[in-house]
Amino acid sequence: MIEFNDVTKVFTNKKQQVMALQNIDLHIQQGDIFGVIGYSGAGKSTLLRLVNALEIPTTGEVLVQGKNLARLSKKELRQEQKKIGMIFQHFNLLQSRNVYENIALPLELEQQSKVDIDRKVKEALAFVNLTDKAQHFPEQLSGGQKQRVGIARALVTNPELLLCDEATSALDPQTTIAILQLLKRVNKVFGITILLITHEMEVIKEICNRVAVMEEGAIIETGQVFDVFAQPKKATTKQFAQMIVRDDVPVVIHELLSANRYQGRVFHFKFLGDSTGKPIISHIAKHYEVDLTILFGNIMEIQSTFFGHLMVEIIGDDVEIAKVLQFAEQSQVNIQEVS
Amino acid sequence: MEISSDILVRALQETLYMVSVSLVFGGIIGIVLGVTLVVTRKGHILENRYVYALLNPIVNVLRSIPFIILLVAIIPLTRLIVGTSIGTTAAIVPLVLHIGPYFSRLVENSLLEVDEGVIEATRAMGATPVQLIIKVLLPEAFGSFVLSLTTVTISLIGATAMAGAIGGGGLGDVAITYGYQRFDTATIVVTVVLLVVIVQIIQSIGNHFERKIRRFN
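Chains as they are written, first to last, in the UniProt record's numbering: chain A, 1 to 339; chain B, 1 to 217.
In short, the hints are calculated from the structure, not lab data. For each residue, glycine too, the CB sits at the ideal point set by N, CA and C. Treat the hints with care, as some may be off.
Said to hold, decoys possible - Stretch by stretch, here's where chain A covers chain B in the computed footprint (C-beta under 8 Å, at least three residues):
#1 110-119
#2 123-130
#3 133-143
What the hints assert, rightly or not - Beta-carbon label-pair distances, calculated as ranges:
#4 SER40(A) / ASN207(B): 37 to 43 Å
#5 PHE142(B) / THR12(A): 31 to 37 Å
#6 GLY117(B) / THR293(A): 53 to 59 Å
#7 SER204(B) / SER113(A): 38 to 44 Å
#8 ALA73(B) / ASP116(A): 54 to 60 Å
#9 LYS122(A) / PHE142(B): 25 to 31 Å
#10 ARG10(B) / GLN140(A): 48 to 54 Å
Claimed, not checked - Dumping the calculated SDA-like pairs for lysine to any residue here, alpha-carbon to alpha-carbon at most 20 Å:
#11 LYS14(A) / ASN48(B)
#12 LYS74(A) / ASN48(B)
#13 LYS83(A) / GLU61(A)
#14 LYS83(A) / PRO129(B)
#15 LYS67(A) / ARG123(B)
#16 LYS323(A) / GLU289(A)
#17 LYS14(A) / TYR52(B)
#18 LYS82(A) / ARG119(A)
#19 LYS278(A) / GLN332(A)
#20 LYS238(A) / GLU216(A)
#21 LYS82(A) / ILE45(B)
#22 LYS83(A) / ASN48(B)
Next up, chain B with everything else stripped away, as it sits in the complex:
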């Protein structure tokens, strides 16, 4: 292996940085979008044809653009938001745009699974729409959110590998530039093993929490 452990450690830090920051912003966007997509549906508590008809295709379009294309396509937007279009921080903008809509679909599915009877019971109590969302919809879907969040985190790790294209760094970038382009198989193996281990850990943590939350339901 031709690379020093310093490079690996830095790459690992970059990956974790990109994943965690994108997860925070993507998670917020995903929940807000997902909740909006559900409550503005026909027959739901805040039915709004226009909002739904606007958001639904936006989510679909963002979901259908391959990440490597999204990465370069939104460079002007990235520059506007973080002031630069290259580097680790710059990679976060497309990552958020990639993962937010994806997470919103998962959130939407979880929320639609909440028992309609429970929603009706809460409406009958005279709850405001905001109370219904915060006290009933989100808590009832929480167990399923944790699993979705796990899935999203793992796809984020996959997406960060492509961030190398705009100088984002990270483990995937190391595998490509040092391993693939310099024919250093050992580096590829090491980075891949590291990625596999990280994914395993995240999946186990997610499953653990999900079980804990759902123990009685």
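Isolated chain A, as found in the complex:
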């Protein structure tokens, strides 16, 4: 669907050059909800704007459905841009038009008939559940409603691709969830591929199936959301992972340990995928001469895969504990002793 082949983008100011993107290689499949996460200034925004040719790469090529938009004539480019919807952090609705007229704008640009426009706008309004607000002006709407108008405006031309530029960053947490659910429906119902950029881990966790992590204009990790964040490799990825996967050892456990307040040894069990559903703890209690105390733990879900971690105190002799560790390893549980 979208291919970045060794893309570099340099912005030239009066005296200095800024490398916004370097050596980007990225493939986004049809039907994906692909998230690009990074801190501000990482180059996400530029990356997104290369897709609908609001920016042109300095070197390399960006292909959308096999077409290099940078090579098209202006007329052909406009034709392709109409197949790509875009929504924005600050919604970017026209203040001079009401909701209905805002959604009608892309169709007016295509010079469609009034009858067609009316039908399509009403369909789009119904899809985002704003039929009763058709005659309102953007100023009278809440942030979530404005974004729904933005989504309706982006969908009214039946695009194949939807670009989301920090679409939920200006919204409160509850509205964010509602908008994300709506985007998920857009993906499911119309089969529209979604490419979104965000700095909120919540967004990635909630709707994306694939993710790329960006830092200083480069993609540092990419893959299935679960794989990337269950076992992050780079420091920045780890920081993002920490926002949703709270698997750090609580400070109080360290304190109690150093004060020698535990009878046994403390281990950090990490369950990934399949191992999360197995009765591993009860098996250990039944088959080995040890006592177990669960000190702390949680289980979360990323993209329908479970991910858990437990702080367990094991009381028993070292030989028996070694057997436990061996069993756990065979069961694909990652274990580290906490000291």
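Could you slot chain B onto chain A? The hints should help.
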């Protein structure tokens, strides 16, 4: 007061004639120039260094010539366009040249205030530059245009007072020739009051429409 009401009524008609015709032509020139100044800027939709570098100083020069000088300086041009260099119609040419560039700066300011995000969103929809100007830039700036137009109309009324210098007539001319030069204070007072009333009315109308347009934005 030594003048008849006939003279006053005719002067009032002349003033309104000069103001309204200059406003139509000045308004068109102002909008075209203002839009061009904005869209040919660096980084804008029709970026064009040469057009901008040509228009920008022309506007500045026209804006910096005092109207009374402009009035006589362009007499040959006036004669070329309207066939005469004296009279009410002849005054319209310098008035348009005076007010067009002024209005264009106000239009430019209003257009630059249009949210860049909205422009980007429209570009992303695959709009042509002309569509962007007509469907987005101008409507989004419309409320602010109305206020600018009010300001421009009021300065036009001020400028018409000087049109007497080339026989343009109008209320200002009456105040000078009948009031000042014949020491008839009453005439000056009456014409000034009339001008004040006209300006007040125009300002109120402008404010009213601006509020109406901006009610929801």
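Outcome of the hint check:
Coverage of the stretch 110-119 of chain B by chain A holds in this model, with 3 residues showing a Cβ closer than 8 Å to a Cβ of that chain against a need of three. Only residues whose beta carbon comes within less than 8 Å of a beta carbon in chain A count, and the stretch 123-130 of chain B has 6; three or more means the coverage holds. Coverage of the stretch 133-143 of chain B by chain A holds in this model, with 6 residues showing a Cβ closer than 8 Å to a Cβ of that chain against a need of three. Hint check: SER40(A) to ASN207(B), Cβ distance near 41 Å, so the stated range 37 to 43 Å holds.
Evaluation of the 31 to 37 Å hint for PHE142(B) and THR12(A) yields a pass: the beta carbon distance comes to about 36 Å. The supplied range of 53 to 59 Å is met by GLY117(B) and THR293(A), whose beta-carbon atoms lie about 56 Å from each other. Between SER204(B) and SER113(A) the Cβ separation comes to about 42 Å, which falls inside the hinted range of 38 to 44 Å. Taking the beta carbon of each, ALA73(B) and ASP116(A) are about 56 Å apart, inside 54 to 60 Å as hinted.
Checked against the hint of 25 to 31 Å, the pair LYS122(A) and PHE142(B) passes, with Cβ atoms roughly 27 Å apart. Between ARG10(B) and GLN140(A) the C-beta distance comes to about 50 Å, which sits within the given range of 48 to 54 Å. Taking the CA atoms of LYS14(A) and ASN48(B), the gap is near 18 Å; set against the 20 Å cutoff, the hint holds. For the suggested pair LYS74(A) and ASN48(B), the alpha carbons sit about 17 Å apart, so the restraint of at most 20 Å is met.
For the hint linking LYS83(A) to GLU61(A), the alpha-carbon distance of about 19 Å falls within 20 Å, and the restraint holds. Simply put, LYS83(A) and PRO129(B) have alpha-carbon atoms about 18 Å apart, close enough for the 20 Å limit, and the pair holds. A C-alpha spacing of about 19 Å is found between LYS67(A) and ARG123(B), which places the hinted pair at or below 20 Å, so the restraint holds. At most 20 Å may separate the alpha-carbon atoms for a hinted pair to count; LYS323(A) and GLU289(A) meet this at roughly 10 Å.
Using a Cα cut-off of 20 Å, the hinted pair LYS14(A) and TYR52(B) holds, with the two alpha carbons roughly 19 Å apart. A distance of roughly 18 Å separates the Cα atoms of LYS82(A) and ARG119(A); the hinted pair therefore holds under the 20 Å criterion. Between LYS278(A) and GLN332(A) the CA atoms are separated by roughly 10 Å; this keeps the pair inside 20 Å, and the hint holds. Restraint check for LYS238(A) and GLU216(A): satisfied, since their Cα atoms lie roughly 16 Å apart, inside the 20 Å limit.
Simply put, LYS82(A) and ILE45(B) have alpha-carbon atoms about 18 Å apart, close enough for the 20 Å limit, and the pair holds. As the CA atoms of LYS83(A) and ASN48(B) are separated by approximately 29 Å, the hinted pair breaks the 20 Å bound.
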